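Engineer: Could you put the whole structure together from the sequences, leaning on the hints where they help?
So the protein lines, in turn, are chains A and B. Counting in my numbering, the first sequence runs from 33 upward without gaps. Counting in my numbering, the second sequence runs from 11 upward without gaps.
To be clear, the hints were calculated from the coordinates, so they are not data collected in a lab. Mixed in with the good hints, there may be bad ones.
When the alpha-carbon atoms are kept at most 25 angstroms apart in a straight line, the in silico SDA-like pairs for lysine to any residue are as follows [to be verified]: (1) Lys139(A) with Ser117(B); (2) Lys106(A) with Thr218(B); (3) Lys139(A) with Asn212(B); (4) Lys106(A) with Ser203(B); (5) Lys86(A) with Ser117(B); (6) Lys114(B) with Val87(A); (7) Lys140(A) with Gly193(B); (8) Lys147(A) with Asn188(B); (9) Lys165(A) with Ser118(B); (10) Lys114(B) with Asn101(A).
Quick caveat: nothing in here was measured; it's all calculated off a predicted structure.
Here is what each chain is made of, one letter per residue.
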Amino acid sequence: MQLLEIKDLEVFYGKIQALRGISVSVNSGEIVSLIGANGAGKTTTLKTISGLRKVHSGSITFKGEDITNMVGHKRVHLGLCQAPEGRGVFPGMTVVENLEMGAYSRKKSESGKVKEDFDRVFDLFPRLNERRKQIAGTMSGGEQQMLAIGRALMSSPELLLLDEPSMGLAPMLVSQIFDIIQEINRQGTTILVVEQNATKALSISNRAYVLETGSVTRSADAKELLDDDSIRKAYLGE
Amino acid sequence: MHNFLVQVPPSIIDGITTGAIYALMALGYTLVYGVLRLINFAHSEVFMVGTFASLFTLHALGITKTPTGLAIVGVFLIITIAAMAGSSITAVLVERIAYRPLRKRNSSSLANLISAIGVSFFLQEVYALRYGRDLIPFPRILNKTVLFRIGEGEIRLDKVVVVVVALVMMFVLDRFVNGTRLGRGIRAVAQDSSTAVLMGVNIDRIVTLTFLLGGAMAGVAAMLYGMFYEVTQYNIGFVIGIKGFTAAVLGGIGNIRGALLGGFVLGLVETFGGAIFHAQWVDVVSFSVLVLVLLFRPTGILGESLQRAKA
Ligand SMILES: Nc1ncnc2c1ncn2[C@@H]1O[C@H](COP(=O)(O)OP(=O)(O)O)[C@@H](O)[C@H]1O
Ligand SMILES: [Mg+2]
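Structural biologist: Printed below as a string of structure tokens:
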């Protein structure tokens with residue numbers, strides 16, 4: 033079943049066109065990655081899906097509903113949540129408060145399920161459990177990344193959007209984060225992950241899209257791209 | 011020197027009393043700044059409307075002489091609610107009419123400033139035309155009974171009420187902002203508004219709530235001011251607004267606890283300045299504080315960077 037469909041999406045920053053008519057789809061249960069160099073338009077794509085950027089033309093459909101012009105905060109209620117690029121945690125809040133922000137969109141009647149999700153997040157990221165009371169702004173880059181992902185999970189999303197989860201992390205930590213992403217998917221969450229450094233992303237994905245200066249230039253099974261010489265040269269640093 | 015020492019206890023008492031009112035005002039500036047990075051210069055008129063709201067309520071209740079016994083509590087409750095309602099409704103309307111349309115168009119902060127000044131003049135003139143430009147007296151609702159003395163300093167009932175009510179309101183606000191879901195929403199928007207949207211926060215609703223809370227605090231300040239100074243006027247908000255703004259900047263604008271600290275520090279600096287120079291110099295002292303802080307420590311006493319501020 034198709035969960036997310038983006039069709040011919042064009043997005044501008046003033047006069048600069050960041051997306052030149054891209055089409056991407058994500059099916060329920062998949063991990064899909066969007067790879068591309070710095071400035072290709074990956075972050076813009078995710079921001080537009082989340083409603084932070086206005087669409088110039090094209091459409092976004094989520095769970096069969098046209099959300100192209102829906103205000104951003106309502107999209108979270110529909111079951112879509114993003115862990116933004118870089119250190120997108122609330123720096124002045126504690127770990128627990130950040131996670132509670134993730135559950136902001138959930139109803140009071142769900143409080144039992146929210147508690148379960150706290151346990152689930154602490155299970156996935158034991159580090160966060162040890163640091164419940166720590167102010168997020170004082171944590172290391174890796175810990176903040178875990179917090180950003182955990183926080184997004186607290187909304188109990190059907191589709192999790194991850195913007196460069198490996199950015200700025202030590203190789204050991206990168207592997208760990210990707211293992212956790214895979215585990216989250218195994219537990220039933222569909223994932224669209226954006227990455228510049230593509231090896232890890234492709235190795236856990238079902239399918240992938242290659243983005244170059246605002247256009248999709250390839251889309252294929254992730255395995256096929258991993259084996260492709262030109263892709264290896266361009267994005268896998270070989 | 012002896013003369014100055016004699017003035018220490020009364021200066022402390024008066025500094026804390028006026029400081030409490032400044033702190034309540036500072037909260038309005040700091041809350042709005044935290045969420046929108048905007049200085050709501052119309053906040054002084056939000057205060058002014060609050061003083062009129064409590065005065066009219068006193069008139070409506072037919073209070074002409076000081077109530078006694080339990081009636082005092084009842085009168086206080088009613089005029090407090092009236093002042094809070096008048097001020098918060100004004101604050102919310104100011105945001106809807108003067109700021110929101112500009113925000114939706116991504117206008118410059120200069121445009122916001124001009125809009126704020128326009129709204130301030132509009133409200134002042136409406137009240138001036140309707141109620142005149144003279145000072146309007148309040149009936150006395152609380153006797154200025156001296157409870158006890160510390161040296162030359164008099165601990166008076168009305169001053170105690172000002173400080174206690176202000177502290178209670180500050181505590182309630184602090185609990186709301188730091189201990190509830192909506193309060194977290196306010197802090198989230200203040201710290202990173204686009205990420206707040208990603209968490210499902212309705213920014214417009216949070217902005218309305220912020221103006222409402224800031225207005226409510228200004229309303230309480232207005233009620234206390236009316237009870238304490240027993241006058242109001244169409245432009246009563248001007249000086250107190252600048253004092254509240256100074257207190258907010260002094261504590262570190264955007265920082266709630268800083269606003270409280272800034273209010274009390276400013277009140278004390280002012281009364282001591284008045285004791286050292288002359289009572290007529292208090293405003294000069296306050297405005298000098300504002301200029302000095304802006305010049306030498308624009309991040310305020312607590313000095314947290316704005317984005318990091320724990321709201
Ligand atoms: N706020 C902005 N204002 C103007 N141009 C922007 C802005 N954000 C991104 N861009 C431009 O849009 C293009 C895509 O950027 P982005 O989506 O951040 O790429 P990526 O995430 O793939 O590195 C780039 O050319 C970038 O310079
Ligand atoms: Mg990016």
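Engineer: Indicate, hint by hint, whether the structure satisfies it.
Structural biologist: So, going through the hints one by one against the coordinates:
1. Between Lys139(A) and Ser117(B), the direct Cα distance comes to roughly 35 angstroms. Violation of the 25 angstroms bound is thereby established for this hinted pair.
2. For the proposed pair Lys106(A) and Thr218(B), the alpha carbon gap of about 18 angstroms is at most 25 angstroms, so the pair holds.
3. A C-alpha spacing of about 15 angstroms is found between Lys139(A) and Asn212(B), which places the hinted pair at or below 25 angstroms, so the restraint holds.
4. Proximity of Lys106(A) to Ser203(B) is assessed by CA-CA distance (about 15 angstroms); at most 25 angstroms being required, the pair is judged to hold.
5. Of the pairs offered as hints, the one joining Lys86(A) and Ser117(B) holds, with about 17 angstroms between alpha carbons and a cut-off of 25 angstroms not exceeded.
6. With a CA separation close to 16 angstroms, the supplied pair Lys114(B) and Val87(A) stays within the 25 angstroms bound.
7. For a cut-off of 25 angstroms, the pair hint linking Lys140(A) to Gly193(B) stands: about 16 angstroms separates their Cα positions.
8. A threshold of 25 angstroms between alpha carbons decides the hint, and for Lys147(A) with Asn188(B) the separation of about 20 angstroms falls inside it, so the pair holds.
9. Between the alpha carbons of Lys165(A) and Ser118(B) the distance comes to roughly 38 angstroms, so the proposed pair goes past 25 angstroms and is violated.
10. A threshold of 25 angstroms between alpha carbons decides the hint, and for Lys114(B) with Asn101(A) the separation of about 15 angstroms falls inside it, so the pair holds.
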